[in-house]
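There are 4 protein chains.
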Amino acid sequence: MNQSSMKSIKIGIVGLGRLGKRYAENLKFNIRNAKLVAACSLQKEELEYAQNELGITHLFSDYGEMLKLPGLDAIFIVSSTDMHARQITEALKAGLHVFSEKPLAIRTTDCLEVEKVAGQYPNQLAVVGFVRRFDPSYRYAKDKVDAGAIGVPYLVRSQTVDKDTVADWQIQYVGKSGGIFHDFNVHDIDLARWFLNSDVSEVWSIGGAYKYPAFGDAGDADNVMSTCRFKNGTMAVINASRTAMHGHDTYTEVVGTLGTLRIGRPAAKNRVEIYDINGVRKECVETFWDRFEEAFLLMARDFIDCINNNRKPELEISDATQATIVAEAFTKSFKERSLIKINS
Amino acid sequence: MNQSSMKSIKIGIVGLGRLGKRYAENLKFNIRNAKLVAACSLQKEELEYAQNELGITHLFSDYGEMLKLPGLDAIFIVSSTDMHARQITEALKAGLHVFSEKPLAIRTTDCLEVEKVAGQYPNQLAVVGFVRRFDPSYRYAKDKVDAGAIGVPYLVRSQTVDKDTVADWQIQYVGKSGGIFHDFNVHDIDLARWFLNSDVSEVWSIGGAYKYPAFGDAGDADNVMSTCRFKNGTMAVINASRTAMHGHDTYTEVVGTLGTLRIGRPAAKNRVEIYDINGVRKECVETFWDRFEEAFLLMARDFIDCINNNRKPELEISDATQATIVAEAFTKSFKERSLIKINS
Amino acid sequence: MNQSSMKSIKIGIVGLGRLGKRYAENLKFNIRNAKLVAACSLQKEELEYAQNELGITHLFSDYGEMLKLPGLDAIFIVSSTDMHARQITEALKAGLHVFSEKPLAIRTTDCLEVEKVAGQYPNQLAVVGFVRRFDPSYRYAKDKVDAGAIGVPYLVRSQTVDKDTVADWQIQYVGKSGGIFHDFNVHDIDLARWFLNSDVSEVWSIGGAYKYPAFGDAGDADNVMSTCRFKNGTMAVINASRTAMHGHDTYTEVVGTLGTLRIGRPAAKNRVEIYDINGVRKECVETFWDRFEEAFLLMARDFIDCINNNRKPELEISDATQATIVAEAFTKSFKERSLIKINS
Amino acid sequence: MNQSSMKSIKIGIVGLGRLGKRYAENLKFNIRNAKLVAACSLQKEELEYAQNELGITHLFSDYGEMLKLPGLDAIFIVSSTDMHARQITEALKAGLHVFSEKPLAIRTTDCLEVEKVAGQYPNQLAVVGFVRRFDPSYRYAKDKVDAGAIGVPYLVRSQTVDKDTVADWQIQYVGKSGGIFHDFNVHDIDLARWFLNSDVSEVWSIGGAYKYPAFGDAGDADNVMSTCRFKNGTMAVINASRTAMHGHDTYTEVVGTLGTLRIGRPAAKNRVEIYDINGVRKECVETFWDRFEEAFLLMARDFIDCINNNRKPELEISDATQATIVAEAFTKSFKERSLIKINS
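Chains as they are written, first to last, in this note's numbering: chain A, 1 to 344; chain B, 1 to 344; chain C, 1 to 344; chain D, 1 to 344.
Just so you know, the hints here were simulated from the structure itself, not pulled from any lab data. It is possible that part of the hints are untrue.
In this list, chains with the same sequence are indistinguishable; a pair is considered to hold if it fits within one copy or across any two.
To be verified - Calculated cross-link-like contacts (lysine-lysine; reagent style DSSO-like; alpha-carbon spacing at most 27 Å):
id, residue 1, residue 2
1, 269, 142
2, 231, 312
3, 231, 211
4, 142, 312
5, 68, 102
6, 116, 35
7, 231, 335
8, 211, 144
9, 269, 144
10, 10, 35
11, 211, 116
12, 341, 231
13, 211, 142
14, 144, 10
15, 35, 102
16, 211, 341
17, 142, 21
Okay, chain A solo, but in the shape it has when bound:
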């Protein structure tokens, strides 16, 4: 079956905040065989955007109503984290494929509940967006590792580091997001599991509110480091930071018995190198979107392609659960100041 005879997948989206708008524009303009037909939001401004900028006519303020729209094939969930689990479950029960932004949930119990429901609908996709796996550089590294280019991988270093744009809302958001380990490191946890082919067995997390004590007052931190032992004896160290001055610096290193792959350093904004009074330098990307714009597009394309080709996505819902399990263990280790064993 060639491209042009592919079925056009009809999609509804929930959540049209900053990231939601980007998903919507990709689905509307840049993904063949995808047809964005419906949008749901509680914000009037967001629905107006959908109507005026994207030409969407099926607009909803009630998620349950959108699910009933005849002919719909799939739902994209880009709402706030605390809505993901429930909205995934409802979409599955409505007979739809579902894609949700990460994380699956803050609490492991919620993840396991979604897993259970997803198991009841084996012919519908339930995918959580671990976008870094779709970044071409990460993908290239993974293929190299799988091909044996670095021998047996035994160490992963990975970090999610945001440019320092700390504002009050970020401190207030700590409660909602589950804190820095959930908000920043689920990607790194997923990548470490991906590259090391194993699950985490024991963790130690340390850190502090070195720059913004308010994070400490809120029970969180601005910089943390977690060390992991995996079941197969391999290891990982995972960092998160809210305070980088140079830019958004997502970075992963995979060390094996025959070589090392480093992905993403420096976090260059583009291919321009500047020679000036500061020396020789590269400017860095500002945000995760600047870094992963292409990956977000490829991830959505892959989801559509999975539906059209009846193909299983590489990342399963249980991978998303594992990321939450480990982020929960990090949080516990950090708060209790002790090693935490993960039994799973």
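Fit chains B, C and D to the supplied structure of chain A, relying on the hints for placement.
Same frame as chain A, now just chains B, C and D:
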């Protein structure tokens, strides 16, 4: 006027070889407000591709017939170099906007002829695809230069270097393409003019067939270097190579009184760095397409956007003429082993 | 007092193995105001080298005899690790300044014993060679940190990674050297303390014999990672590896609230970059000597300068003790698979 | 014959300005088998320095007198450029080996005169200091090229770029130094000849006083570029700049049929990389001395070693002449605005 109320521009394409297919796929799937409705080719296989993969129903083997298709707004020309000038002229006369792959023509006289016709149709776009100007890194550098970040630019180093994939057809193609200066360096000439804000007044080109004597036998070279003096006293050195082992290495450096910008080095394939028995390394892009894929998309989007917003493109047809004038002077200097003055 | 009127310091050296010879040559030829006059070794070959290549006439096989040589000012100890503590003590008691290669000792108790003796001879230098502090790049970074260039440092990543030249003797050497944490990481521990201005309070060390199981059989590892919490709340992660294919890769990163300094990456052999079929690459240094040759010279010069100017060296004997304390804690954590608290 | 039985070479130095002092200190403290015994200068301060800092007792204000000092083996000339030729000649006639800083002379006729005299004293060394050949990175690259690592070299890009520290004295110095081509590019010319194994046959030099018009008023330039065709058909492009903001940026690239070697980019000050509000950057070396300090030492050591081992230095006096011939051609091409053929 918001995006969704933009007019959908109806496009016909001529030439569906390797690069033509990529243009066609961009126009079909990735550019909002563009509608690829017609295709023209002398190759049966290419028309079948248009029909089966892109779902195009208006198929032509006669370019003149395609131009008559009612409702057409614009033509994309991705045919062989020797067809560009004539096909641009005919499209303009048919009342259509026209975009053509570079170069405008091998001979300056042909360029000037097109310029004259274009002047008669001031309300239709006639754009030649100098794709590097649309690469985000080149664009970023240009904006920096214009903002004064490096003071007054006085030196450009620029090169077009292909990975060594030399095969017999390339040697035979020398006649058709006009040789290495036309085929490789029109981009570099255009960039040097762009950054230095002046025209070339005098050139010296040297080089040889250092690796493949067959290029020498054909009156061409496999590696060349051209030095340019500009009318405003600034200077450029422009290289071309067919023989790089590490990859396609397009690169430009702009030196000013307060700093230097280097664009494109190393020509990294992606954000992966490899530590292995060879040391620490980056792999490089293989082809100009790998390097400029995004720029090709942005360039086509800009063309559509110019039509829709009745906006003048930055690059004028006379810029394309200038590139040919200088490439002709390079060729003459190389063959006659002398300095060549350009009077224009 | 100008340079030429400085006193010439008369030195005896013990140990003329591979590293000892390098110390001797520096002392003989490259350090003004140093005069290498005596050498001690149990190896006949080494004494012949001293006589023939360096022109030294006072040759000893008995360390105690060398200490009695009239006019001697200082001793350099480049013998095996298990001799350091005793030889330092004896030299101090003989009234001499003493410089010893690292580590001070494998066991903390031995370190404390030396500290006690050194305290009884406050007018004699007792210095342990933590060479990395004298590397110009490390020194430059330290000065930047002290000047506030990166704000408050809160995280150090540091590693000692050897090129894989694993041979049987290295496995046998494990017992004598105290294992990978003592042999590789005392430098990293010292640097982390130096940059973070605090002592280690708690550690977790993990790792394995991923490439050479024989290290595991010997109770050691070929790759390890240790996470440290410091008393002032800051943190460090310290790695060691015996198995890098690309070269000796000593590397330290200091992260602060306003910036990050990375020292030593890539571990480039020189200023040559190679473009070839492997992409774009730098070759790496082979050994710690290739990397730190200049630092070894500067360290010895500093020692002589301290004597001549009656100046205190920056690094005190207690710093060497701390490095051993932490290396012991790493080893214990690794073997007992638990967090280890350091009470000091 | 082992090292310690080598003869100690007795040396006199003429010129103890900034660079002369550095030569003197190397000869005094860092080169085995060299004994700096005499110094000559017209500046009282310089002779006092020699006496007080270096402990030299044979002090001269008359060069001819120094040459008569009994027991002297060799002379180092670090005087101003216009003295080199005469002082070399006199030293040779006095029966001494002679090392002179570059350039040999500004005028080719003076070079040839020295060559003639040197030919009359075949058992005495007459060496001009083209220091870059002794830089370990340049040496490494040369060995790689000679071993065939990049196939046949056909293109050299080389530049001497100074950090912008332009002051009035530099403009006044133009007359004495022979201008930017002589002062900056003799090194690059020598390196291009070294790597391409051929002599220059034709050149075109362009440039201007883009930042400091005063250089233009003095008949010189602040930035120039010279293109060279070599007798064997290969090519080089050579740049000089007085106006870099980022540092001293000496750089050479050798392109061959199988690969490229790039030497010296970026001109990093050390192994520290800085992540801060400017992005990710390396600071650069400030001066040629910072960049080539080690090479100056190795070059002087090689000279002493040649004497002691009765070995011919790699670089002959005729190489120095060639550098002057080409620099003269550059200057002529720049002034006459034409191609210049070199007949030699």
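For each hint, the structure was consulted:
When the C-alpha separation of residue 269 and residue 142 is checked against a cutoff of 27 Å, the pair qualifies both within a copy, at 23 Å, and between copies, at 15 Å. Taking CA atoms no more than 27 Å apart as the test, residue 231 paired with residue 312 passes inside one copy only; the shortest distance there is 26 Å, against 49 Å between copies. With identical chains, the CA atoms of residue 231 and residue 211 are at most 27 Å apart between copies only, with a shortest distance of 17 Å across copies and 35 Å within one. Taking the shortest Cα distances, residue 142 and residue 312 sit within 27 Å of each other inside one copy (18 Å), while across copies they are farther apart (45 Å).
In this homomeric assembly, residue 68 and residue 102 come within 27 Å of each other (Cα to Cα) only inside a single copy, at 24 Å, whereas the closest approach across copies is 52 Å. Taking the shortest alpha-carbon separations for residue 116 and residue 35, neither the intra-copy value of 29 Å nor the inter-copy value of 45 Å comes in at or below 27 Å. In this assembly of identical chains, residue 231 and residue 335 lie within 27 Å of each other by CA distance both inside one copy and across copies; the values are 23 Å within and 17 Å between. Proximity of residue 211 and residue 144 under a CA criterion of 27 Å is satisfied inter-copy only: 19 Å between copies versus 38 Å inside one chain copy.
With identical chains, the CA atoms of residue 269 and residue 144 are at most 27 Å apart both within one copy (25 Å) and between copies (14 Å). In this assembly of identical chains, the alpha carbons of residue 10 and residue 35 lie at most 27 Å apart whether taken from the same copy (5 Å) or from different copies (21 Å). Within a single copy, residue 211 and residue 116 get their C-alpha atoms no closer than 42 Å, and across copies no closer than 40 Å, so neither meets the 27 Å cut-off. Proximity of residue 341 to residue 231 under the C-alpha cut-off of 27 Å is found in both arrangements, the shortest distances being 11 Å within a copy and 25 Å between copies.
In this assembly of identical chains, residue 211 and residue 142 lie within 27 Å of each other by CA distance solely across copies; the values are 20 Å between and 35 Å within a copy. With identical chains, the CA atoms of residue 144 and residue 10 are never at most 27 Å apart, being 35 Å at best within one copy and 43 Å at best between copies. Taking the shortest Cα distances, residue 35 and residue 102 sit within 27 Å of each other inside one copy (23 Å), while across copies they are farther apart (35 Å). Proximity of residue 211 and residue 341 under a CA criterion of 27 Å is satisfied inter-copy only: 26 Å between copies versus 30 Å inside one chain copy.
With identical chains, the CA atoms of residue 142 and residue 21 are never at most 27 Å apart, being 30 Å at best within one copy and 30 Å at best between copies.
Comparing the model with each numbered hint stated earlier shows that hints 6, 11, 14, 17 do not hold.
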